[in-house]
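Visitor: Taken in order, these protein sequences are the chains called H and X.
For what it's worth, the numbering used here labels the leading residue of the first sequence as 1, then goes sequentially.
For what it's worth, the numbering used here labels the leading residue of the second sequence as 1001, then goes sequentially.
In case anyone wonders, no lab produced these hints; they're calculated from the structure.
C-beta atoms are modelled at their ideal positions from N, C-alpha and C, and glycine is treated no differently.
Hints may be right or wrong, so weigh each one.
Pulled from the structure, derived: some chain H residues nowhere near chain X, Cβ distances all over 10 Å [stated by the list, open to error]: (1) Asp28; (2) Pro30; (3) Glu135; (4) Gly253; (5) Phe405; (6) Glu584; (7) Gln776.
Just the calculated beta-carbon pair ranges, DEER-fashion [stated by the list, open to error]: (8) Asn24(H) <-> Ala1012(X): 20 to 30 Å; (9) Lys89(H) <-> Asp1130(X): 46 to 56 Å; (10) His243(H) <-> Gly1069(X): 45 to 55 Å; (11) Asn24(H) <-> Glu1083(X): 18 to 28 Å; (12) Ala70(H) <-> Asp1130(X): 44 to 54 Å; (13) Gly7(H) <-> Glu1083(X): 38 to 48 Å.
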Amino acid sequence: MAHQGIGARVPRKEDRRFITGQGNYTDDIPVKNAAHAEFVRSPHAHARIVRVDASAALGAPGVIGVLTGAELANDKVGSLICGWMIHSKDGSPMRAAPYAPLARDAVKYVGNAVAIVVAETKNQARDAAELVQVEYEELPAVVDPAAAQASGAPQIHAEAPNNTIYEWALGDKGAVDRAFAGAAHHVGLDLINNRLVPNAIEPRAATAIYDRAEGRFTLYTTSQNPHVTRLVLSAFIGLAPEHKLRVVAPDVGGGFGSKIFIYPEETVCMWAARRLGMPVRWTADRRESFLTDAHGRDHVTHAEMALDANHKIVGLRVKTIANLGAYMSTFSSSVPTYLYATLLSGQYDIPAIYAEVDAVYTNTTPVDAYRGAGRPEATFVVERLMDVAASRLGIDAAEIRRKNFIRSFPHQTPVIMSYDTGDYEASLNAALSAARYAEFPARRIEARGRGKLRGIGLACYIEACGIAPSQAVGSLGAGVGLWESAEVRVNPVGTIEVLTGSHSHGQGHETTFAQLVAERFGVPIDQVSIVHGDTDKVQFGMGTYGSRSGAVGMSAINKALERVEAKAKRIAAHLMEAAESDVELKGGEFVVVGTDKRIVFANVALAAYTAHNLPPGTEPGLKEGAFYDPQNFTFPAGTYVCEVEVDPKTGGVEIVQFTAADDFGTIVNPMIVEGQVHGGLAQGIGQALLEGCTYDKASGQLVTATFMDYAMPRASDLVSFNVSTTVTPCKTNPLGIKGCGEAGAIGSPAAVINAIANALGVERLDMPATAQRVWQAARASRAPIAAE
Amino acid sequence: MAQINVKVNGRAVSRQVEDRTLLVEFLRETLGLTGTHVGCDTGQCGACVVHLNGRAIKSCTMMAAQASGAEITTIEGLATGDELHPMQAAFHQHHALQCGFCTPGMIMTAVDLLRRIPHPDEATIRASLDGNLCRCTGYHNIVKAIAAVAHSGAGA
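In isolation and in its complexed conformation, chain H is listed as follows (with noise of 0.2 Å):
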């Protein structure tokens, strides 16, 4: 057999499925006797509801039930939750305001769901939508994270003030100042984080299913998180307890943090299924899912680094204002704050940093997480000023970044982290030599013989994944804890069954989960399946985001499949009559040290199940499960070059080289993880090049809410990427792996923008860096290059 442990680059066990069409996502599932629901939504940016006649759309055909936020409210379903509380620096809670499933006095966004429409058939649902008359009484909006706060905005919710949720601060403002004070070099940036659209490809949806002889639930759901959604279902909306409760989240179509949240639709279907006596079931059209899955991003951002006269960084000053949306959804309070501020020291030994946020309500689609949620937009801002410190004082940008590397482990940054181990250099090293970063000058001058502006951009991200040790989260604010779980069974004939709570929509996990079995017990990858995204399978789980499911569920599996030798061991010594002390584990085998004795792992499992000759004591049956927490976060780092060249007669840029070279600790599947950061790769290009979510500032109407007006990245917009690893294995987990699947997303923005500046000798450009931005930026720029 061939190796298929820990390193081998198997193909993915779970291909088959999808690749003959038999994928099962959630509006696949038959569910017999199903009606269908439509959401009637908001027109408006804000508005203050005045009526709803529903009595049309009872009389339409097929229709079962319009139900409004009034009947909610009287059935005393709860507001959806954001479920992480951040202080301001004044030690005042954040300024929440409820969240109902279903609005009923007012709107706060286009798109904001006032009734659900149940009928027959989803076209009758459909029609019936439209009949629903809803009687607004319109107000004005606020759409910008920067006017949010002027005084005279429009103001969303009574409970914020200002709009302003909350004024946070992390780091020692004393100490930045004074840096600064004596600091040599200044070098300051305004920035802008663009909006974004997470669209993943499989919309949203879910199927909800009421049992009333038992009261319980089935909700089929697109899911990261299935026993979070239960929870919050469960203990915070109120729906049913947990036991009443099961929640699937089987086949899911991408996530990069939209399926994480708990939102109105499937809390509704539920609430609706259990009203109206029949399975409910909803899948969002894509113009729904721009207008209603949560948004990335969306940063205003002043920065300010101080330098000594040795281009050493002294000190580091961020003002950034985020934009939160019309409601604070499931976790977008701990964004902007401890995944963002917390990064900003970068790969950098910087001594001084304060760091100001404040997070604002405005009349727009509610932001949270979206891949690398904040982590990319501290990359941004670090490593968009490195490029302009090293542009003002002179200097390559690679030696200035050289020169502030942290050297030594573990370090202890000024914002909260401590980084267990790195290389930095070498991962800087192996990306120029890969890029020919040393030959570039020649390949300018090559360029500009054909009218073309070339340029090139580093980027060295850092990133905290592996999220996160629960009592150290739980001092910042977090709700839950984030750990996870893991049950390994084996079956009496040697196959093995490993439930986990990590969820996966893409990543792989029935396969490299299984080799990690396969690494340990050297049984086929075939032999080994993987149970997830049914909490009446796996007792519970804090499912997948953060890039946490290699670090942290992959270690609680580690952890059961230790406990699971141990007992095997102990079994395999009295089979073999030997000391426990001189068995080992060896490529599928028990083996007694030094002799020819051995017993094959499934013949250890047999003899658990039969039970007939167990040690004294022991208890039938091979089957253990742990709860791991991490020690720490891991620490991902990397650096990543772009190459551009923009014709400066039209402004198009093109990525001619995007090299990557990142350290994400032990690889368990070279193959899944390069799939992992070309993705990523993707959308962070998408986010320089091409994708810009925005708002009509008078009217606050989505502008971009189709794939006609909101540029996704197509194939023709990428080039095949250059990607290498270097290793340093994370230390405070058994495994040693960090996380691979953000990365992509969080280092290449920085380097295509820095690119395109260094092409076009500017300080500041926007994303995406359009065609239309990019020849502006070229004609106001005096640096000769671009004068052509």
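Fit chain X to the known structure of chain H by using the hints.
Guide: Using the frame of chain H, we list chain X on its own:
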């Protein structure tokens, strides 16, 4: 109501459906062939691509009634028994899918591409995928899988 007579994956089927039924709704909801997906409502994403009389089409932009009389192949009908079509095998071998949602449309588009252009270069492959969105793979391995099939000459 419209009478639809089609051959789907080699099997003749006749059904009466509401006039406004889209071909993709007919496949998914009437016939239960849920391998063909819906990822948008503007004909952009390509998750719904099937073959109609041997050519790739977006089944979300065609009425079921318009397809009456045609031969349709969906992702479920591409393999021969347990033997995968070379494009399916290449997607597996080259890790050209992650969440799998765009995959059926991607594979059907890729098969049609090689039917039309048996030996495309990378730029041609990329340009030919403009009607199919993938949010997971960055297209890197999709391009690689299609190029591998083209190189092996097994695409037809």
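Visitor: Going through the earlier hints one by one, which of them does the structure break, listed in rising order?
Guide: Result: hints 1, 2, 4, 13 break, sorted rising.
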